[in-house]
Amino acid sequence: MVNRRFINFLKDIQQKWSKRWVEENLYQALDFHPSKEKMYIMSEFPYPSHTGLHMGHARSYMMTDILARFWRMKGKNVLFPMGWDAFGLPTYNYAIKVGRPPFEVKEESVKNFKNQLIALGGSFDWSREIDTTDPNYYKWTQWIFIQFYNHWYDPEYKRPDGGKGMARPIEELPIPEKVRKQGKRAIKEYQDKFRLAYKGKMPVYYCPHCKIGVADEEVEPGGTHERCHKPLEKRYLEQWLLRITAYADRLIDDLDTVDYPESVKEAQRNWIGRKYGTEVDFYLENTDYKITIFTTRIDTIYGVTFVAVSPEHSFVDWYLENAKNLGVDDQTFEKVKAYVEKTRKEVKKEFEIKEKTGVDTGLNVVHPLTGESIPVFVADFVLQEVGTGAIMGVPAHDQRDFEFAQKMGLPIYPVIIPPGVYKAGEDAIMEWVMQLTKAYEDNGIMYASGDFSGLKNTEAKPKIEEYLINMGIARRVKYYHLRDWVFSRQHYWGEPTPMVYCEKCGWNPVPEDQLPVTLPELDDYRMAEDGTSPLQRATDWINTTCPECGGPARRETDVMPNWAGSNWYYIRYLDPHNDKQLVDPKKAEYWLPVDFYDGGAEHSTMHLLYSRFVHKFLYDIGVVPTPEPYAKRRNHGLVYGPDGKKMSKSRGNVVNPWDVIEQFGSDPVRMYVAFMGPYDGNVPWSDEGLIGVARFLERTVEYLDRSIENLKSNPDYKNTQEFTADLHRLIKRVGGDIENLKFNTAVAALMEFLNNHEDTPLDATNLRVFIKLLAPFVPFLAEDYWEKIGEKYSVHTSKWPEYDEKLVNQYLVYTLVVQVNGKVRNQIKVQGKISQEEAEKLAKESPKVAKYLEGKQIKKVIYVPGRLINFVVG
RNA sequence: GCCGGGAUGGCGGAACUGGUAGACGCGCCGGACUUAAAAUCCGGUGGGGCCAAAACCCCGUGCGGGUUCGACUCCCGCUCCCGGCACCA
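Each residue of the first sequence is one higher than the last, beginning at 7 in our numbering.
No lab work stands behind these hints: they were computed from the structure. Just so it is clear, the structure is predicted and the values come from calculations on it, not from any experiment. Take these hints with a grain of salt, some might be off.
[As the list claims (entries may be wrong)] For each label pair, taking beta carbons as the anchor points, the in silico distance ranges come out as:
#1 Lys-42 / Ala-534: 50 to 56 Å
#2 Lys-652 / Lys-170: 21 to 27 Å
#3 Ile-627 / Val-372: 28 to 34 Å
#4 Pro-267 / Met-440: 37 to 43 Å
#5 Gly-512 / Lys-655: 44 to 50 Å
#6 Thr-302 / Pro-107: 51 to 57 Å
#7 Lys-164 / Lys-655: 52 to 58 Å
Glycine residues also receive a C-beta, built at the ideal position from the N, C-alpha and C atoms.
Go ahead and model the full structure; you've got the sequences and the hints to work with.
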């Protein structure tokens, strides 16, 4: 396979240099460098699991490390930090499984990960290492939560940066006189409705069989539990939420200011899902109770044949109280009641589209334009979270409504007709109507729509809306797909939510000087029988005093989700040991934003969006100086198994990076993962590919040795200008490729150079250059040879070679491609760029070309200097 | 269904701003070294035509059209694959 002695050499120097680098913290980033420009390069920090790094980690960290090393040599003050996202369910579950405290388990995993990252050659600044489970870290995670609690969002407020909308202290929330009069408690209750962190009743999944709360990710399609495959229940719990929807517009609009892959931007826009539409009030017959619906197709309002609300809708509660007084018969009432009870508990993963069900409430609303009686249904295809949780049913022009109407035997009134059909006259329209087998959702001509009939629906739309608005029963509104962020988890292994509940005073945050609220150690970390956190049993910890009245109070036992610590960690790297502030503003000013953020495509929406949200909030309250956290984001590709499929234990195609590094040493692996494919490509692992790179490195080492030997016996040896020119072209290519994240072609260029020049040893100057070019890819090897040639430690803090542009363009042998009518007919080697006349002459002289020009008239000659000449003949 | 990205030899992938398609690596074939194998080194390697070689010619970047002197690259219409979202009103 590969030369054993060579591999052992690589492993020895790896040992030697990684030790020295870490001991001296060679890669420490200096705050406020006097002359160098800052460059903040960051990779998503790992979730340290007991199984160690996987290949995806290894490749992405190696690739960002190449970048960090390159820019460091280019003279930037590079910050390249690393830390641990160590809270979360996997560690917790694993700790339970092995019956050990999560702290201990985590500690081991972190140690293991760190050793592995050092072995990879990661040039991290370890003085800035952070750990989200460290109380000194999560103190600030808790602090941020309290700031959310203490602020409200004023969408009209003019920010110092000129934008509109800003978080403001809750004390600045205007309190209506009516509320103020009712006293302190009423004021607080009023404020609570506006806080950016607030309590709300939210569904959580519960497995009655396993007696455990179940996270979203553990719900199978069809609403069963991943572990036992038994149906789950939906339970409604009071949970903390963060008002991310307040920032929806800024989160969308500011995407224009950052350099992210288009796919990521689109994913975020879709996730936020801003859309404009109309809210319309439908009044219940003979009452002043109204049901407000949301629609984006107000033009179809004349086709409404029913109104439907979700089972969770407030109308349902009102109905259960008042229906009988409104003359609903017992049978109907009981049917509605039973239906609601059933569907409210039902867990259905949204993408599992079941047959639509629903029940007639026996009540009607009045159509606001026609005055017709419209039946009201409760139906579970109407989602409470979307719009107002109530819809106007237009079966003719909405497929879902169509299906529901068919099932319920409701009428279908087409009110928009395809233009072609409309033109053909009344008979054609009737025929078209009779043949409708599905909803017609496209544009067309308004029909049977009162005064709006005959208009294009796109023209009628704003007119109808305006008309309804003038009637005082409609509003133009903006809705988001994005929902507020449920920030409570019923588990143990997370940041305690720093809130205290007092019977008298309600919820209050823990005073800042009492932070952090640390996670108590327990005798038993298992979940309670009823699926609640073991924190519920930590009575000593729970019982505390109320920060407001000093009376007895209880701590919040829900912890934060695992996103909590990871959405702001890039800020803490800047000032990890500061116990007075989250970050020194001067350091934040110097380092932010992150210049390059590498991560997995799977974090395009959740992590990246949450992180941007938290950052914007911190920006509003003056903690950070920039509106966006990450100037540039790139997604790294995945490493697939040798079979070309995603690595997974069940497939048995997992390649463990640790095994490979043990076998070959890091340098070949680093260069191979750089070479294997594009930065963002998903590429299969190939042992042969790795061996190919190892072979190249072996030849490289022989080449370096030969060059050194040669210089020993011949110290004045000099390469020719021509040779040096080639090396300078290599400098240009490698540097340019690294800057553009094209590591694969950079490595190819190095290989090409060696292939071409292996027989010519390098002179002293060029030897130094060549070693430097290798340094980002194979840091151990480069460092060792740097020492061998007697240069000052370390090659990684040395200056990246400059190329001489003049030299780069010299001694180039161009191939002049001669085409006739765009077809290649000859290739002529020429020195330097020649004039068109010369090129034409040369080309015509060649028999290969002459053959095609003979007897033809040359209509046109296209000459691209240094590339080709093309004769267009007739 | 909607949104985003993609399709290039046996494989991973190159190709500037529209200018020699297949760099580099793997694999494969042939040769050298060796008693032999491995390792290493040298040569070849998109498909086809020509008995063979050289020369030469034709075809070729998912499919069908188009623009252009010239198209992997731009435009129009598809197919398939990957990723995200999805009963979003």
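Exercise. Okay, which hints does this one fail, numbers in order?
Worked result: 2, 3, 4
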